[in-house]
Amino acid sequence: MALTESSSIDQIEIVADWNIQVRQATIIERDGQFVSRTFHRWVLTPDMDISGQEQKVQDICNVAWTDEVKAAYETFKAEQATRNMP
Amino acid sequence: MASTINAVTTGGGGIAVGGDTSGVIGLQSNGTTFATGNQYGIGLGTAVPSSGIGLAFPATQSASSDANTLDDYEEGSWTPSWNVTGGSWTSSSYVAKYTKIGRQVTCNMYWVTSAISGTKVNALNGLPFTSANDGAKYAVTITANSIGLSGAIPVSELNANATTCNMQFSYQSTTGWQDFLTSAISSGSTISMTFTYFV
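First to last, the protein sequences are chains A and B. Using our numbering, read the first sequence as starting at 204 and increasing by one per residue. Using our numbering, read the second sequence as starting at 2 and increasing by one per residue.
Calculated from the structure, these hints are not laboratory results. C-beta atoms are modelled at their ideal positions from N, C-alpha and C, and glycine is treated no differently. Any given hint could be a false lead.
Unchecked claim - Listed below are several chain B residues computed to face chain A (Cβ distance under 8 angstroms; list not exhaustive):
1. Thr61
2. Ser63
3. Thr80
4. Gly127
5. Phe130
6. Asn160
7. Asn162
The following block holds chain A by itself, in its conformation from the complex:
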């Protein structure tokens, strides 16, 4: 009876222009038969260092984060800073 575990990025979504939602699925199998699956999630924004991300995630980010999108994100951040809590 052999248990194996494998992890992979199974979902990359672009949300609201600049947010890249990433999901990693970890699957455990016993003798090739599915046993369980767990998810781990994170969201990337244009101001983040993505060098540690998988290449396919970096590729999506680089396509989505055009100069126009980056500029819009910086504008959004500036607006957020002024509408923070009282």
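For this one, chain A is given, so just place chain B on it according to the hints.
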């Protein structure tokens, strides 16, 4: 036991479908399987239940525009981190989980401090989903142990179209909320945060 399909003629009538314990029952409409049944429950769309007994949703949501349709369920973990001016807030351990039901996401996070530096904590980062871009703000419930300043409690909120929770202190005797100063935190301090938002 062999698979069977029987007409039910008693009561209101209907169709009874049975299969053996290793079998799978598929229900189709227009040539597309919309539900699968086995000994573990019922799967919707491409989902196949694999343990316990339950209702399984597809791993990738097929969003419905109908307000009365439940179209997603997912459990998982996320990685919390902090935006700290001039420093960092590190942990000796943490637990961060989420559950998404339809468009509603509930997150929980428990953080045990190992070290803190810098001047103020601006935000909790790393939320698993982006909040809906609808102009809303969401309240965050916080409990903390050994975090606080005299007459102040930590407060937080999540903005629309965001993946961070802003952090501040609310003082009993001061109007408005103030900076979440790192001087209020020490090694061993713990903080728990729970919040629910829409995506």
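Outcome of the hint check:
Below 8 angstroms, beta-carbon pairs count as interface contacts, and threonine 61 of chain B has one with chain A at about 6 angstroms; its hint therefore holds. With a cut of 8 angstroms, the hint placing serine 63 of chain B at the interface with chain A is violated, because the nearest CB-to-CB distance is about 13 angstroms. Proximity of threonine 80 of chain B to chain A holds as hinted, the smallest CB-CB distance being about 6 angstroms (cut-off 8 angstroms). The interface hint given for glycine 127 of chain B is met, as the beta carbon of that residue sits about 6 angstroms from the closest beta carbon of chain A, less than 8 angstroms.
Residue-level restraint check for phenylalanine 130 of chain B holds (minimum Cβ-Cβ distance to chain A is 6 angstroms; threshold 8 angstroms). A least Cβ separation of about 6 angstroms between asparagine 160 of chain B and chain A falls short of the 8 angstroms threshold, and the interface hint therefore holds. Residue-level restraint check for asparagine 162 of chain B holds (minimum Cβ-Cβ distance to chain A is 5 angstroms; threshold 8 angstroms).
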